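Each chain, letter by letter, is given below.
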Amino acid sequence: DTEVTQTPKHLVMGMTNKKSLKCEQHMGHRAMYWYKQKAKKPPELMFVYSYEKLSINESVPSRFSPECPNSSLLNLHLHALQPEDSALYLCASSQDGGYGYTFGSGTRLTVV
Amino acid sequence: ILNVEQSPQSLHVQEGDSTNFTCSFPSSNFYALHWYRWETAKSPEALFVMTLNGDEKKKGRISATLNTKEGYSYLYIKGSQPEDSATYLCAARIGSARQLTFGSGTQLTVLP
Numbered sequence: 028d029t030e031v032t033q034t035p036k037h038l039v040m041g042m043t044n045k046k047s048l049k050c051e052q053h054m055g056h057r058a059m060y061w062y063k064q065k066a067k068k069p070p071e072l073m074f075v076y077s078y079e080k081l082s083i084n085e086s087v088p089s090r091f092s093p094e095c096p097n098s099s100l101l102n103l104h105l106h107a108l109q110p111e112d113s114a115l116y117l118c119a120s121s122q123d124g125g126y127g128y129t130f131g132s133g134t135r136l137t138v139v
Numbered sequence: 011i012l013n014v015e016q017s018p019q020s021l022h023v024q025e026g027d028s029t030n031f032t033c034s035f036p037s038s039n040f041y042a043l044h045w046y047r048w049e050t051a052k053s054p055e056a057l058f059v060m061t062l063n064g065d066e067k068k069k070g071r072i073s074a075t076l077n078t079k080e081g082y083s084y085l086y087i088k089g090s091q092p093e094d095s096a097t098y099l100c101a102a103r104i105g106s107a108r109q110l111t112f113g114s115g116t117q118l119t120v121l122p
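Those sequence lines, one after another, are chains X and V. Counting from 1, position 13 in the first sequence corresponds to residue 40 in this note's numbering; the numbering is continuous, with no gaps. Counting from 1, position 75 in the second sequence corresponds to residue 85 in this note's numbering; the numbering is continuous, with no gaps.
One should not assume that every hint holds.
As the list claims (entries may be wrong) - For lysine-lysine, the following BS3-like pairs were computed, each having C-alpha atoms within a straight-line distance of at most 27 Å:
no., chain 1, residue 1, chain 2, residue 2
1, V, Lys52, V, Lys69
2, X, Lys68, X, Lys49
3, V, Lys88, V, Lys52
4, X, Lys80, X, Lys45
5, X, Lys67, V, Lys52
6, V, Lys52, X, Lys49
7, V, Lys68, V, Lys88
8, X, Lys46, V, Lys52
9, V, Lys88, V, Lys69
10, X, Lys68, V, Lys52
11, X, Lys67, X, Lys46
12, V, Lys88, X, Lys67
13, X, Lys65, V, Lys52
14, X, Lys36, V, Lys52
15, X, Lys65, X, Lys45
16, X, Lys49, X, Lys36
I should point out that these hints are in silico values taken from the structure, not numbers from a laboratory. All of these numbers come straight from a predicted model, not from anything done at the bench.
Please build the complete structure, drawing on both the sequences and the hints.
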């Protein structure tokens, strides 16, 4: 299995909702990443997990809460989001940070 | 703040034309430069990883060069085909950072 699977592909949520994004890989990669991308902008790093521990949090607001329950799974819990949080959320994994990434196809999030 | 810049932002070419675009990155503490090809609704796909000044990589009709001293990389596509239509992302790894910093991409459209 050489894929990163992200679910759901699309999500519409209200500002009072709680939802979660899921990312899964079975390549034995020990680093996993969340990026946020808005139209015409570069993907922006949000979080990095290395060996299931949070190693980088790029000053992301607390309404985004990452979780890495095991080495194959990465979640992003969402609560009380704002419309400006609408974006494509990309998950990626790599062998140990120093290598290229394998990406998921992203979750298109719309906050209404 | 680490800036990775790509130009042009978008490009339309006729089928059969050759084309190229640019990625610029900070040259100090450079570690690696990655190119990805990203089709709509799919995952970004790794094209090349380059680390050495003067590196040149080739994959079919697509090639890339790297100049680490001046901080730029070129991606070339020879004899563009409609299936080459995609966004081409570059990303740099600088110093000891585990994560990649992305440019905003060049969106290529090849017209039949």
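Evaluation of the provided hints:
no.	hint	result
1	V:Lys52 to V:Lys69	holds, 20 Å
2	X:Lys68 to X:Lys49	holds, 23 Å
3	V:Lys88 to V:Lys52	holds, 23 Å
4	X:Lys80 to X:Lys45	holds, 23 Å
5	X:Lys67 to V:Lys52	holds, 17 Å
6	V:Lys52 to X:Lys49	holds, 17 Å
7	V:Lys68 to V:Lys88	holds, 11 Å
8	X:Lys46 to V:Lys52	holds, 23 Å
9	V:Lys88 to V:Lys69	holds, 11 Å
10	X:Lys68 to V:Lys52	holds, 17 Å
11	X:Lys67 to X:Lys46	holds, 26 Å
12	V:Lys88 to X:Lys67	holds, 25 Å
13	X:Lys65 to V:Lys52	holds, 16 Å
14	X:Lys36 to V:Lys52	holds, 11 Å
15	X:Lys65 to X:Lys45	holds, 21 Å
16	X:Lys49 to X:Lys36	holds, 10 Å
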